[in-house]
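Asker: Given next are the chains, with one letter for each unit.
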Amino acid sequence: MKEVKRKEYYLFSPFLRIFHWIMVAMIVILFVTGLLIAKPVQVMTPEPTYTLTSMDLVRDIHFVAAFIFCASFILRIYGFIINKGDRLFPRVWEGHFYEETVDVALHYMLIKPHHASFLRNPLARCSYAALYALVLVEVLTGFAMYYMNDPNSTGAFLFGWVNTVLGGEMMTHLIHHYVAWGIILFAIGHVYMVIRAEFMEGESEVSSMFAGSKILAHTPKDANELE
Amino acid sequence: MAHVTVDPVTRIEGHLRVEVQVDEGSGTVTDALSSGTAWRGLELVMKDRDPRDAWAYIQRICGVCTTAHALCSVRAVEDALGITIPKNANYIRNIMAATLTVQDHIVHFYHLHALDWVSPVEALNADPVATANLQNTILATYKLPLTGPTATNTEAYPHDFPAATPQYFDGIKAKVKAIVDSGQLGIFSAQWWDHPDYKILPPEVHLLAVAHYLEMLDKQRELVTPHVIFGGKNPHPHYVVGGMPCSISLTDGNAPVNTARLAIVDRAVNMGRTLVNNYYLPDLLAIGNIYVKAGKTDGGGLAKTRVLAFGAYPMDTYTRTSDGGFFKDLLIRCNGVVENFGAGAWNAEYSELKAEDLTSPDGFTEGVQHAWYEYPADKDLHPWEGVTEPKFTGPKEGTPTEWKTLNEQGKYSWLKTPKWKGKVCEVGPLARYIIIYTKYVKGLLGDLTWAEKMMIDQIQAVSNVLGLAPEVWLPTMVGRTAARGLDCQLNAEINKFYFDKLIANIKSGDLSVMNSEKWYPETWPKECKGVGLYEAPRGALSHWVHIKDGKTHNYQCIVPTTWNSCPRDDKAGQGAYELAMMDTHVAVPDKPLEIVKVIRSFDPCMACATH
Amino acid sequence: MEKRESLWDRCLKQGISRRNFIKSCVTLTSLMGLSTECLTKVVEAAEAKPLPVVIWIHGHECTGCDESFIRSASPLAGDLVLSQIDLEYDHLLSAACGEPFERHLDETIQKYKGQYILAVEGAVSTKDNGIFCMSGGHTFTHLLQKAAKDAAAIIAYGTCAVAGGIQAASPNPTGSSGISMFTGGAPVINVPGCPPIPEVMTGVVMHVALFGTPPPLDGNGRPKQFYGNRIHDTCYRRPFFDAGLFAENYDDAGAKAGWCLYKLGCRGPETYNSCGNLRWYQGMSYPIQSGAACIGCSNPHFWDEGSFSDRLPKYDKIGDADKIGIGLGVLTTAGVAAHAVASVVQKSKRDIEEVENGGAGE
Ligand code: HEM
Ligand code: HEM
Ligand code: NFV
Ligand code: SF4
Ligand code: SF4
Ligand code: F3S
Ligand SMILES: [Mg+2]
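Residue numbers (this note's numbering), protein chains in the order written: chain U, 1 to 227; chain D, 1001 to 1611; chain H, 2001 to 2362.
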C-alpha cells in the first residue's frame, strides 16, 4: 500500500473532551434511571423500607446526574470560548455547506466511494446540533417537572412556564420521555458513525475525543475554521 | 289564546325551554312544547376512548345524578366484555346508587321543587307557636312507619328529628324577615309570589317548609359520604370496570375500606332513613293532601297511558345483561311497560321487558323527526347502530341566536325521541310504582320481595291518607312528586339492606371487590356490544356500547329525562312533559306557575337529557 | 344607591351574637389557610364591607360544580348563600324563572355595576355562533359577555369554565373552550377541578367577599392556597412511592395495603389540587385514598392525555413509548449493522481500486 502523508489537526480542547465523556456517562445514567422512574420495578417487600430500587434513590440518582450534566456544560462553554476547534457548527449560512452535505450523504448512502475530507463533516455537524437541541428539551422539561414541587421557588419561576407552554405537566412528562428515546437513537447512530469513520479512513477519529487531534490524510475543506 | 314561553326553566339541571298555548278563558293548555336548548356532544367524545375509562367521561353528563352514568357505563362495558363483578362490588355499587337516590330526591323536594309550593313571603304570616304545634301534628299524622329487613341495628334511637319549638320557628321567621327587609332577596328574587297557588297552604306550612329547606340544605351533604368513602369524592366518585377501586382490608389502616370507614357509611345510611321518615315524607304528605283536597289532581299526562322501567337492584351479582342476566334476580322487578293505567290497574296492559327487547332492532329506538339531528336514512335507529349528527335548523320566529318562538312543526330540541316498540313512554319513580302496583294487582309478581311489599304498603298507606284509589292519585302532578318521596323512603331502606349484606359478606371472609380477569385489552374479543341498565333517580337509564379493537367504537345513551322531555314524534305523538303540561290547568297565563310546577314534578335534568 | 349590608349587619339583624360571629370568622380564617394574626383583618373586613352580590351563570356544564358548592361544610353553603353573600341569579337555586328572572338579571347588573362577583360554571360553545348552548333565547356567549362587562371579579368554577372541560375533549363537537377569551378586562380567578373541592369553591368566594380582592393567584390564575401543590407532593401514599411499593392491579395485596397507585396510571404527579392536603369532605377522602388512581381532573386538558390506566399512552398493538423506543432502537441497530457490512464491502472494493489505480480515489 502506498505511503500516505498525514497531517495532525488539533481540534478539541480538554474541556470539551472532559465534557463529552461526562455527558456520555450521565446520559446513560439518566436514561436508565429515567426508564425506571416511568416504569418502576416492583420490590415486594412487606414493609416500606429503602431498598436499592427505591424510587427515592432512583430519582435522586437521576437528579444528581442531571445536575452534574448541566454543570459540566460549563466546560463546554469554556472550550467554546478559548478554542476554535470547539466551534465546528453547521454553517448553514454558507452556500457550499449544502453541496457538501449532499456529497457526504451520497457517500453514506454507499453511492459514492468517498466523501471529501473535513475536520467535521456537515452531516455530523447537523447531528450534533440536533443532539444539543434534544438535550435542551430534556433539560427544560426535566427542570420544569423537578422544580414544581415548590411552585413559588426560583427554579419554578425559571422553568415552570414550560409546563404551560406544553399544555400541562402530563405533556411535559410525555415529551421528556419521548425525547429521551430520541437521544438514545442518536447515540447508537453516533457511536457507529465514529467507529465507521475510523475504519473507513483510519484517521484517528475515535482517539480524537481522547487526545484532541485528528490526523488527516487530505487537507480538510473546513481547515480554515481553525485559523 | 296566549302563547307563553318560559326560558330558562330554573331549579332544574341544565337548559330547558317550554312554550305553551293557553286558552285564557278556560285556562286549558292546547299545545305544549318542551325543548332542551343545549347539546354538548358527549356521545361523540366517547369515540375511540379506552372502554375502561368510559365511566369517567360519560359520568360528566351530569353532576346532579352523579354516579348514575358511571354506574350504567361500567355495567354496559362489563356486559360487552362478559365480566361478572364480585358480590362486594355489587353491594357497594348498590349502596352508592341508593345513596344517590336518597340525596337526589331530598334535594329535589326541598331545594328544587319546594318553592313551587311554598313561599317565604307567606311564611311571614305564620304564628311560630301554631307552627310548632303543626310540626307535631304532622309527625303524628303523616309518618309512614315502614322499614325493610334490618339485620344490624347500629342506632340507639332515631336522630335528626325536626325541631318543634316556637323559639325555633321564631328564629327562622326572623331570618326570613331579615332577608325580605334587606331588599336583597337573593335566591328568592323575582318569583311570582302573588300567584294564587301560594294561598292553598296555610302560612304555618310555609314557615315549616322554609325551615326544612334550610335544615336539608345543611344535611344533604352528609348523606353522600358513602360516595366519598367508596369513590373518593362527590360529585363524580370513581369507579373501575370489573368491580370497585376501594379495596377492603380489616388489617390495614391504609386500606380504602375498613371498619372505621364503614362506620361513616353506616352513619350516612341511618341518617338517610331518619331524614326521609321525619322530614321528607310527613312534609310531602301534609302538602300533597291539602293539594289533593283542593282538587289539584291534574298533570298526569302520559303516565296514564304508558310508563316504562328496567328493574332495579341486582341482588348479588349477575352476568350478561344482553342475555337477560340483569333481569334474573332483581330486588324490584319493575322491568316492564304498563299501558293504560289511567283505566285502573286491573284493566291496564303489562308487557315484561326481556333480553330480546334489548337486542332486537326495533325493541328500543330513537328518532329525530323533531330533534336537531340528522340520520342517514328516514328510519329510527337502535342505539347500537345509533348516530349522533347535529343539524340545527333555527327557530320559527327570531334568528338562530335570538329566539322568539320555536317551530313545533319542524325541529325544536336537542333531545332525540326514545321509543319502546315505536311508542313514547314516561319513566321515573312514578313509573316504577305504577308498574309494581299493576303487576301486584294482576298477580304477576308471585312471592314479593321485601322491597316490592314495601312499595305496595306505601301505596296503600298514601291512598288511605288521600282517600283516593291509586289509579286516581298516582298519575297526577302530586302523585309524581309523592312517588319520588316514597322512592326515597324505599331507597333509604335498600341502602341499609345492602349495607347489611356487605357486612355479612365481609364477615364470611370475602374481601374481593374486583375481578381483574379481563382488565387487559388483550383478553377482549375483537368486537363486542353491551348494554348497561340502571333505574336512576329520574327513571330508566340505558347505555349502549360497541367495542371494536379495544376501543369504544360507538356509545349511545338513552337517559330518563330524554324519555320524559323528548320532542314529539309524528306517529307516536307527544312526550311526557308536553302531555303533562297539556293536562294542567293554568290560572294566570302570564304567570304559569302550574306549568313549571308540573315540569319540576319530573325533576328535569337537561344535561342528562341531551348530553 | 341604597346602603348595602355588611356581613356583620346581617348577623346583627339575625341575632347572631358577636361571639358566634367571631367564631365563624375563625373557621374561615383557618379554612383560607391564613394565620390567626389575620383574624383581626378578617373581622374588620366582615364588619366593614357590604354583602357582595353574586351572579352565577351556567354554560356547557353538568351542574356538578354547583352540587359540589352546596356540599361545603365550612362555611356551610346555606350560611354562605343566605347570610354572607347575596346570590341574586342562579339557575340551580333561584326561585324565579323565565322572563321575570331574565329581567331581574339585567336589573341586578345595572344596580350593582362594577360591584358584583360573577361566578361562571361551564364552557363557552363557540362553533356555529354558539347555538349549541342557548338560554333565555340567547346564546350563552351573549349572556357571558353581558354579565362579564360590569363584574368586579369573575370566578371560573370547574375545569369546564377554566379550560373547556369534557365537552372540549376531542373531537370537541361544539367548539367549546374556557371562558377567559370572552370576559374582557375583569380579573378571572380560575378554580379548576371536575368538580373543585367544595370548601375550595366557597373559600374563594369568601376571600373575595371579605377582602374585596381576588386571593393571591399563580401564573395560571389559580388561587395559590388551593392549587399550590401537586397531589403527588402532598399524597398520603407518597412514602410508598418513594419506597418503590406499588399496587400492580386493582384490589391486589398492594392496593389493600394502601400502596402507591402510580402503576395504575395515577395522575397525582402532575395534578395541582387540594386533594392531598385539604381532601374531600374535610379530610375524609380523595380518589386515591379510596383506591382509585387520580385522573388529574383539575388539569386543563386532562381528558385528552391518554388512557387513565396508563402513565404512557399506548398505540394500538405497537404498545407504549418504551416498546416503540425499543423497536426503533433495534431497527436502528439492525440498520447500522447492515450499513457496516456494506461499508466493509465498499471499503475493500475501494482499496482494491486504489491499488489498481495506484492512487487515492476522489
Ligand atoms: C438534564 C436534565 C434532566 C432533568 C432535570 C431531568 C429530570 C427528570 C424528572 C424531574 C423526571 C420526572 C421524575 C418523576 O416523575 O418523578 C424525569 C423523568 C425521566 N427522565 Fe429525566 N431529566 C433530565 C434529563 C434526562 C435525560 C437526558 C434523559 C434521557 C436520556 C432523561 C430520561 C428520563 C425519563 C425516561 C424519564 C421518565 C419520564 C416519565 O415517563 O415520567 N432525563 N427526568
Ligand atoms: C463510546 C462512545 C462514544 C465515542 C467513541 C464518541 C466519540 C466522539 C467523537 C470522536 C466525536 C468527535 C466527532 C467529530 O467531531 O467528528 C464526538 C463528538 C460528539 N459526541 Fe460522541 N462519542 C461517544 C458517545 C457519545 C454519546 C453517548 C453522546 C451523546 C448522547 C455523544 C455526543 C457527542 C456530541 C454532542 C459530540 C459533538 C461534540 C461537540 O462538538 O460539541 N457521544 N464523539
Ligand atoms: N335524567 C337523568 Fe339523570 C338521573 N336521574 C340520569 O341518568 O339526572 Ni342528571
Ligand atoms: S367541571 Fe366537571 S363537574 Fe364542573 S360542570 Fe364541568 S363537567 Fe361538571
Ligand atoms: S398514589 Fe399517585 S399521587 Fe399518591 S404517591 Fe402514588 S403516584 Fe403520587
Ligand atoms: S381526579 Fe380530581 S378530585 Fe383530586 S385526586 Fe385527582 S384531582
Ligand atoms: Mg343519546
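A few of these clues could be false.
Straight-line distance between alpha carbons at most 30 Å, and here's what the computed DSSO-like set of lysine-lysine pairs gives [claimed, not checked]: (1) K1548(D) / K1571(D); (2) K2347(H) / K112(U); (3) K2263(H) / K1529(D); (4) K2127(H) / K1518(D); (5) K1087(D) / K2263(H); (6) K39(U) / K1526(D); (7) K2127(H) / K1396(D); (8) K221(U) / K7(U).
With the Cβ distance kept under 10 Å, some of the chain H side facing chain U (calculated, not the full set) [claimed, not checked]: (9) L2051; (10) D2079; (11) R2230; (12) R2267; (13) F2302; (14) T2332; (15) H2339.
Here are some chain U residues the structure puts well away from chain H; computed CB gaps all over 12 Å [unchecked claim]: (16) R17; (17) A25; (18) F31; (19) I37; (20) L57; (21) K84; (22) G85; (23) L88; (24) P90; (25) H96; (26) N152; (27) F157; (28) L174; (29) A187; (30) I188; (31) F199.
Because the hints were derived from the structure by calculation, they are not lab data. Values in this document were obtained by computation on a predicted structure and should not be read as measured data. Glycine included, each C-beta is placed from N, C-alpha and C at the ideal position.
Asker: So is I188(U) really clear of chain H, every C-beta pair being over 12 Å apart?
Answerer: violated, 5 Å
Asker: Hey, is F31(U) genuinely clear of chain H, shortest beta carbon separation above 12 Å?
Answerer: Label violated. Min Cβ-Cβ 10 Å, cutoff 12 Å.
Asker: Are all beta-carbon distances from N152(U) to chain H longer than 12 Å?
Answerer: violated, 7 Å
Asker: For the pair supplied as a hint, K2347(H) and K112(U), is the alpha-carbon distance within the 30 Å limit?
Answerer: Answer holds: K2347(H) to K112(U) is near 11 Å, not above 30 Å.
Asker: Would the hint on R2230(H) stand, with a C-beta cut-off of 10 Å toward chain U?
Answerer: Holds: closest Cβ of chain U sits about 7 Å from R2230(H), inside 10 Å.
Asker: Need the status of pair K221(U), K7(U): alpha-carbon distance at most 30 Å?
Answerer: Holds - the C-alpha atoms of K7(U) and K221(U) are around 14 Å apart, at most 30 Å.
Asker: Beyond 12 Å from every Cβ of chain H: is that where the Cβ of A25(U) lies?
Answerer: At about 19 Å from chain H, A25(U) clears the 12 Å cut-off, so the statement holds.
Asker: Mind checking the CB of F2302(H) against every CB in chain U and telling me if the closest is under 10 Å?
Answerer: holds, 7 Å
Asker: Was K84(U) rightly flagged as not at the interface, with every chain H Cβ beyond 12 Å?
Answerer: holds, 26 Å
Asker: Quick one: work out the minimum CB distance from L174(U) to chain H and report holds if it exceeds 12 Å, violated otherwise.
Answerer: violated, 7 Å
Asker: Does K39(U) pair with K1526(D) here, judged by a C-alpha cut-off of 30 Å?
Answerer: Given that 30 Å is the threshold and the Cα spacing comes to 28 Å, the pair holds.
Asker: Is G85(U) truly not at the interface, in the sense that its beta carbon sits beyond 12 Å from all beta carbons of chain H?
Answerer: Given that every Cβ of chain H is farther than 12 Å from that of G85(U), nearest at about 24 Å, it holds.
Hint violations for this structure: numbers 1, 4, 9, 10, 18, 19, 20, 26, 27, 28, 29, 30 and 31, all remaining hints satisfied.
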